[in-house]
Amino acid sequence: MIKFGKGNLRIPKWTRPVYAVAGGMTDFRKKYPEKKLEELTMMAFRMMLEENDLKMDPLEIKSLINFACYGEFADHFQDQLLCEAKVHDYLGLDLLFNIGVKTGGATGGSTILSAASMVASGMADCCLALGWERMDEVITWTGNYYISTAACKDFETRLARNYASYYAPMARRFQEMYGVDERVRAEIAVKNRGYACNSPFSQQPGKHTIEEVLAGEIVSDPLRFLECCAMSVGSAAMLLCTEELAYKLTDKPVKLYTAGGSHTLRTGDRRPMEIPLLPHETAGDYEKLYKDMEKQKGRWPGFESFGATRFAAWLCYRMAGINNPIEDLDLIETHDAFTISDLQTYGDVGLTLYGDEQEYVRSGDCYLKNPKTGKQGKCPSNLSGGLLGSMHAVGATGIFSATEIMWQLQGKYDKFHGDPKMWQRFGKKKPADWESLQIQNNPKKGCYVSHAGVGSHVTVGVLEKAW
Amino acid sequence: MNETVKLNTTKTKVTKEGNVWVIDLPRFSGDSGTHHHTLGLLTPYFAGLTEGKLMATRCVNDNCPISRGKGELWLPPRADCPDCHQPMVWEEIKNPAGEIFSYTFVERGGMGLEIECPYYQIDVLLPGVCTIVKSYLSTRNRKIRIGDKVKAKFRTGLDATNTCLDLYWELGG
Numbered sequence: 001m002i003k004f005g006k007g008n009l010r011i012p013k014w015t016r017p018v019y020a021v022a023g024g025m026t027d028f029r030k031k032y033p034e035k036k037l038e039e040l041t042m043m044a045f046r047m048m049l050e051e052n053d054l055k056m057d058p059l060e061i062k063s064l065i066n067f068a069c070y071g072e073f074a075d076h077f078q079d080q081l082l083c084e085a086k087v088h089d090y091l092g093l094d095l096l097f098n099i100g101v102k103t104g105g106a107t108g109g110s111t112i113l114s115a116a117s118m119v120a121s122g123m124a125d126c127c128l129a130l131g132w133e134r135m136d137e138v139i140t141w142t143g144n145y146y147i148s149t150a151a152c153k154d155f156e157t158r159l160a161r162n163y164a165s166y167y168a169p170m171a172r173r174f175q176e177m178y179g180v181d182e183r184v185r186a187e188i189a190v191k192n193r194g195y196a197c198n199s200p201f202s203q204q205p206g207k208h209t210i211e212e213v214l215a216g217e218i219v220s221d222p223l224r225f226l227e228c229c230a231m232s233v234g235s236a237a238m239l240l241c242t243e244e245l246a247y248k249l250t251d252k253p254v255k256l257y258t259a260g261g262s263h264t265l266r267t268g269d270r271r272p273m274e275i276p277l278l279p280h281e282t283a284g285d286y287e288k289l290y291k292d293m294e295k296q297k298g299r300w301p302g303f304e305s306f307g308a309t310r311f312a313a314w315l316c317y318r319m320a321g322i323n324n325p326i327e328d329l330d331l332i333e334t335h336d337a338f339t340i341s342d343l344q345t346y347g348d349v350g351l352t353l354y355g356d357e358q359e360y361v362r363s364g365d366c367y368l369k370n371p372k373t374g375k376q377g378k379c380p381s382n383l384s385g386g387l388l389g390s391m392h393a394v395g396a397t398g399i400f401s402a403t404e405i406m407w408q409l410q411g412k413y414d415k416f417h418g419d420p421k422m423w424q425r426f427g428k429k430k431p432a433d434w435e436s437l438q439i440q441n442n443p444k445k446g447c448y449v450s451h452a453g454v455g456s457h458v459t460v461g462v463l464e465k466a467w
Numbered sequence: 468m469n470e471t472v473k474l475n476t477t478k479t480k481v482t483k484e485g486n487v488w489v490i491d492l493p494r495f496s497g498d499s500g501t502h503h504h505t506l507g508l509l510t511p512y513f514a515g516l517t518e519g520k521l522m523a524t525r526c527v528n529d530n531c532p533i534s535r536g537k538g539e540l541w542l543p544p545r546a547d548c549p550d551c552h553q554p555m556v557w558e559e560i561k562n563p564a565g566e567i568f569s570y571t572f573v574e575r576g577g578m579g580l581e582i583e584c585p586y587y588q589i590d591v592l593l594p595g596v597c598t599i600v601k602s603y604l605s606t607r608n609r610k611i612r613i614g615d616k617v618k619a620k621f622r623t624g625l626d627a628t629n630t631c632l633d634l635y636w637e638l639g640g
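Line order of the protein sequences matches chains A and B.
Note that the first sequence covers residues 1 to 467 in my numbering.
Note that the second sequence covers residues 468 to 640 in my numbering.
Be careful, since some hints might not be right.
What the hints assert, rightly or not - List of simulated lysine-lysine pairs, DSSO-like, C-alpha gap at most 27 Å:
| # | chain 1 | residue 1 | chain 2 | residue 2 |
| --- | --- | --- | --- | --- |
| 1 | A | K369 | A | K295 |
| 2 | A | K295 | B | K473 |
| 3 | A | K291 | B | K616 |
| 4 | A | K153 | B | K473 |
| 5 | A | K429 | B | K483 |
| 6 | B | K616 | A | K378 |
| 7 | A | K3 | B | K618 |
| 8 | B | K483 | A | K295 |
| 9 | A | K6 | B | K618 |
Hints were generated in silico from the structure; no laboratory data involved.
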């Protein structure tokens, strides 16, 4: 049993507000031999400075930066320690200070959290958050081994050397506990890979069918190939600053709130606890769930839920004044490394109650156009294509997700995804059937989840339109 | 496909530093490319497996805010209690038997996997243990379900690998 002490549940209180004003990214590919890693980070950095309609010259904006936070998941992939130093020098930011951030799959989100803390505390007025991963120097199965070393080397890694095999037992347990139809998991893969078809940044867009997903080869039962994200190469960047600077730099500043949670690396070590309730939930909402869990020897968070995600949302919603996520949030980017993690997350972040995740997906509210009603879903998810369709260049991922949310709030989906020149830049042709996934009806708030391990580190961020 | 899962690994070299096992984990070729990884205070667990014993730890500190001196067993074990930070004590689980809490049928492992694919990776719920043990099943030709009974088996003596792979499970109560 985990019990919280007085200080453990303090809601973060920043000394001054933090704003996101610009983002940039490369496209994402399985292999990227055309460019060295530093050259890829320069692509993201330049897009951030030059293409976000900022009201100053790019080099003048660069001269405002006074701190940099860099995200990279694993030194193994490039066999390069302290890559941060190489990137920082290449971007021409010496002698400014920089720090490297590493929290597994949540590295991108943690990099934003670190950069935001710099601005909130006064350490910086203008801070760069930039992340990357280069996973193409080794073959996929060696890459799988490297990633699996994020599990416990004494008690877990030797049991699979493949991270899908640590998510699969969670998928199995979740499926049996809540009677999940595997077609619902497949639907998530179809939706997110389908959305990726409209993004020039996407690595594995595809118009698949549920039957195609279910007919695919199994990686680790019950997860099939199209239910797993791929290894990526690429970079993403975001510029954070103070309120005063934000309004000088842009007509469309976006306010940022973010917090994190952690939970044990070994899923089996998770001791039961009471569900921390989000602002709109009551203890009565979960009376039946607790009884159902008892029948199946279940426990919370067990294998079914991510305690770290719930805790991060618990803190972040209170920072951001989110009283009921399904009413207050206009869109979300989940960390859909696997279909199951997308499904699990809807309960963790309170878009639906725990146990009702499958029904939430079936409701159609996670679609831009709800298939049931033909209208915009209440909280469309992963319009970027997510990790399943677009990318998981791990250190960049949370920054990619946050940037896509920021662009949506700024009404810039079409600018970054619909311009034929953007497709040409990455050697692609804009599809003839390209569709705009710009969310309508004046979106005000969006959320992103950046998630590591089997939930060992998670950050949740809320972005809010501030003009 | 054989019914029983086989390992394709060699015995891990152990160096004893007093009571502690330090195991060799080769990263690249030769002695100079080998990590010498200590099992530290958890040595009794790994040494126990090679003798057919499943060793766990328990907090017995009366002042522990959670265990109150009567903690449940931890498996994997921990030398120190996470709630009161005091040393835990060792205890053997006799004739370990439990049930499958969750599982996956691993069709593809990553590079260097020492277990022959495919096989069942299982999570085992054991009475009196507050954690859920991740391990693997010797049988692979049968469908299994959550709740199936399993009992512990060990690789001992010459068969021992000196790693967590020395614990595995077979179906049956």
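Hint check:
Between the alpha carbons of A:K369 and A:K295 the distance comes to roughly 38 Å, so the proposed pair goes past 27 Å and is violated. Restraint check: the Cα-Cα separation between A:K295 and B:K473 comes to about 35 Å, which exceeds 27 Å; the hinted pair is violated. Taking the CA atoms of A:K291 and B:K616, the gap is near 23 Å; set against the 27 Å cutoff, the hint holds. With a C-alpha separation of about 20 Å, the suggested pair A:K153 and B:K473 falls inside the 27 Å cut-off, and the hint holds.
Taking the CA atoms of A:K429 and B:K483, the gap is about 62 Å. The hint is violated against a cut of 27 Å. For the proposed pair B:K616 and A:K378, the alpha carbon gap of about 44 Å is over 27 Å, so the pair is violated. Between A:K3 and B:K618 the alpha-carbon distance is near 33 Å, which puts this suggested pair outside the 27 Å criterion. Only pairs whose Cα atoms come within 27 Å are accepted, and B:K483 paired with A:K295 is rejected, the gap being roughly 46 Å.
For the given pair, A:K6 sits about 42 Å from B:K618 by alpha-carbon distance, which is inconsistent with the 27 Å threshold.
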